[in-house]
Structure formats: structure tokens, C-alpha cells
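All chains, please: the whole structure from these sequences, using the hints.
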Amino acid sequence: MFDTGHQTYPHKLLTGRSEQFAALRQSGGLSGYPNRSESAHDWVENSHASVSLAWVDGIAKALALQGRRDRHVVGVIGDGALTGGVAWEGLNNLGGAARAAIIVLNDNGRSYDPTTGAIATHLAALRSGVSAGPNLFEVLGFSYIGPVDGHDIASTCSALRRAATLDKPVVVHAVTAKGRGYPPAEADEDDRMHACGVIDVATGRPTTASPPSWTEVFGEELVRIADERPEVVGMTAAMRLPAGLGALSRKYPDRVFDSGIAEQHLLACAAGLASAGAHPVVALYSTFLHRAFDQLLFDVGLHRLPVTLVLDRAGITGPDGASHHGMWDLALLTNVPGLRIACPRDAARLRQQLAAALADTAPNALRYPKGPPGKDIPAIDHVGGIDVLYGNGTSERDVLLIAVGAMARPCIDAAECLNEAGVGVTVVDPGWVWPLNPALTELAGQHRAAICVEDGVADAGIGTRLNHHIGNMSARTRIHSLGLPRDYIAHAGRNQILSECGLSGPAISATCLMRLQLDSP
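Numbering-wise, the sequence shown is residues 0 to 520 according to numbering that gives the first Met the number 0.
These are computed hints drawn from the structure, not numbers from a lab. Treat the hints loosely; a few may be bogus.
Stated by the list, open to error - Okay, the calculated beta carbon distance ranges per label pair:
(1) 378 - 252: 35 to 41 Å
(2) 57 - 13: 22 to 28 Å
(3) 509 - 351: 30 to 36 Å
(4) 13 - 66: 28 to 34 Å
(5) 151 - 360: 55 to 61 Å
(6) 91 - 186: 34 to 40 Å
(7) 57 - 275: 36 to 42 Å
(8) 293 - 23: 48 to 54 Å
(9) 139 - 223: 33 to 39 Å
(10) 21 - 415: 34 to 40 Å
Think of the CB as a built atom: it goes at the ideal place given N, C-alpha and C, for glycine as much as any other residue.
Structure below.
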């Protein structure tokens, strides 16, 4: 079992997939993570961290029930993933039983960022051989082999063979260096080139310059606000740089808190900070919010605390695949009473909405996709706090497109197509998509068809919520939802996936024309 799956490339090379790497993370090509459809050697394809030990425990139990003593279950987990609470739940269950299982601890001192907390301190002591106290793994009931030089094949093989002779759970502590053997990665203090794009192999530098990303816009604006608001603090789960807190941590290192891969702790800790006068800004990838929904609902939400969630990689992420798409967040967030949700359409709106969230005394959430925000999209009018982005000036009001966040641009593209077809169309951006702005009810009622376009699950997202609430107020008005299917969407380019899901400008236009035809008397 490979925890997270970031180590899977050598595994794929060794299991017969070397010639498929030319299409790595592309549509129809190799996944960037273990994938059962690719090989019988891939057992787990969920790439969220810290769960491998629970899988090991479950499979070891199944083999024991079957009397299979001829097989070994091996989990490979990094020290970064070991900061996750579910990993320690796995250790607790494995160590308390006599079943054989091998845990390979790949200890390189970091995940994206350096590993933090007491666990990191204990592992450092084990690496040095000068531990001041008992070996924690042995205390939990494991045999301990190590530390082993994880770059020495002979030593590592010897340790694994010895582990296989033990009829009890064992930890093989392999010490490695992230990026070893590639000088540009070894020299990268930020993340050892953990998530690089296309690079010049000789230098490790990107071959093309990238425009500012949503993440960078957020990080810069947060620093500006923090300069004026000493109670504002940043929080993240082992993703200080990827989630946009790098600039804040450099300027105000004492005001950034990294929980390790422990999202449940992170949200509950944020509640504690907020209750004592701070205003935490919790920066996460959208896909990792699911782990802390209970804490969001009952620790933050129930107490109406001023915690601001900033969810990066919302919607479709593209090459990372099914377990990394941030497409489930709106379906979850709209269940939290009192939580305001903003989906900025551009960088200017992100700055405005972040400032508004931090001025509030209740919980707020902002979400935006991966990549650059592109040029700002100005409003041409305002109706009841709703931005009007497009209106073709005709007397006919055929279609209202409600654009959720980054869907504003394809909605405007669709409006241009509809205008050429002689359709009267209006595009609006609610900005704060939840709770419902009552002005949407009136706007929707002025059009023959109203369609909410979002990069979340269509049948459980903003459109569905709006339709339910507006339907309760007006029997004549209905909002149709256009979004992503409730399915596990494979890896491909972001624009390709959006297009295949009917969320490109031409596809949205075609849906509008079909809707008008269906709604015609």
C-alpha cells in the first residue's frame, strides 16, 4: 500500500509501465497516482494521505481470517503523512494485535513542507540514534528496525527480509532525502520540486513564465490585510506554500500555524483561536476539506465563529484526477447554517470578498480553481447586490445565466453565441452565492429560462439549492442546474474536462437553446 501515492512513479516503472510515461497525467494516459485499472500491482488509488495503515490493518485481518500466512501486507508511509490522525488510528489498531504487517516509514523530513510537531522531533531523535526516551513505535507494540539508509538498496532489502520473518507488526524506518540525485531539487528549499510543471532539465527552471495564479493573488492580499489586522492568522495542513501562505509566513512567521496533515485538528484549532480573539484564515485545497466537515459544522459553524475558509483547487483540477477534483465542496458547504460562501470570478473579486470575509464576525468560505484568474471581468450593471456581466439590450429576456465564480467567463462566451442566434440573454454573478440573494428570485422571474452554471456537482450544488428556495417563494420560477456529474472524473486537462461536461461556452449555449425549446408552450 502506497500512502498518498506520491512515490508511485518508480513503482510504475518497475511494474511494466515505463513506455506509457509519455502520456503521464494526460487524458487516456497514466495516472499520477496508483490506479487499479492500470495494473494488478496497484491496490489503492485514493491519493489522500495517512489512510494506508488502515488499509494494511484491514487486509491483514482479512488474510488472517482466511488462514493466509504466506502473504505479507506492506504499507509505505512518509513522515509527513504520519502527522495525520488516521495514521495513528491505524498504528493503534495494528500495534494492539499479533497479526504480521510491515510498515515502511519513508522518513525524508517533509511532505510538501517540512514535517512539523512532536512527531518530527521524535523521528529526528531516532535518526540520530540519540533518543532521550523510549521508542514510540515499540511502546505501541511494534518491532522496530532502523534507522536504515533508504538510498542503500542492499541495506533496505536486508531490513525488509528481516521484517518478513517476524510474526508481528514491524516498522522499518528508512531515512531518505527528498529530491536526492537531482541537484535543482536538492537545492529547492521550498518543496524540493514536489509539484513542478514542464522544466528545463539542466536547470530545473520552468520553460515558460506563468501568469499570477489565484493562489498568489490570495497570498498577497492576505499579507496586505494582515499588515493592518494583527488578529488575522494563517492556518494550513502541511501546505503552507501550495495553499498561498508562503508570503505571510515569511513576514509574520509567528502568525502562521501548520498542523501537519491533520485537517480535523486544524478546523477545531481554528475554532479555538477564533473563540479567543483571533481571526483564522484556513487555507486548504478544496478536496481536503471533506476530512474536517464535522469540525466545520459543529466546532466552527455551531459556535458562529469568525473563521475564514479559503479553498484552493475548487472545481476541476485536471491532471490530478478523481481524488483531487474540488467538485464536492459546494454540496457540503451549503449545509452549514450561517456560513457565507463566495465564489470570486476574477482577482479583483477575490480581493474584495476576502476583505469582506475578514470584516465579518461569522464563518465564511471562499473557493477558486487551480491556475490563473485571467483578466478581470467588470460588471456592466448592479441589481440588488448582484453583478450583471452581460446583457444584449434586447427587449426579449429569454435566458438568465447565473455564473458561479470562474464559470463567469464561459457564461459570457455562451452569451455571445446566444446573441448571434437572436436570443435575449443576461449573465449575472451573485458573488456571494450562499445564502440566497432575494434579488435572484426577481431576476429569474423576468426570464423564460434561468440556468445556474457551476463547477461543482450539479444535482447537489448552488443551482439545486437556489431552485429549492426560489421554488418555495415563487411557483412560476424554476432554476435549472448545469454543472458536473456526480461521478469520479478521471484525469485530463481542466478545459477538456469542463468541455466534456458541457461547461464550455458553446456547450452552455447549446444547453440554453435546448432549455428554451423544452420550456416553450
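Status of each hint after checking the structure:
Our hint of 35 to 41 Å for residue 378 and residue 252 holds, since their Cβ atoms are close to 39 Å apart. Between residue 57 and residue 13 the C-beta distance comes to about 25 Å, which sits within the given range of 22 to 28 Å. At roughly 33 Å, the beta-carbon separation of residue 509 and residue 351 lies within the given 30 to 36 Å, and the hint holds. For residue 13 paired with residue 66, a C-beta distance near 30 Å keeps the hint of 28 to 34 Å intact.
At roughly 56 Å, the beta carbons of residue 151 and residue 360 sit within the given window of 55 to 61 Å. Between residue 91 and residue 186 the beta carbons are some 39 Å apart, a value that agrees with the proposed interval 34 to 40 Å. Distance hint check for residue 57 and residue 275: the Cβ-Cβ separation is about 40 Å, which falls inside the suggested range of 36 to 42 Å. A hinted range of 48 to 54 Å is violated for the C-beta pair residue 293 and residue 23, which are about 36 Å apart.
Distance hint for residue 139 and residue 223: a CB-CB separation of about 46 Å, inconsistent with the stated range 33 to 39 Å. A C-beta distance of roughly 37 Å is found between residue 21 and residue 415, which places it inside the suggested range of 34 to 40 Å.
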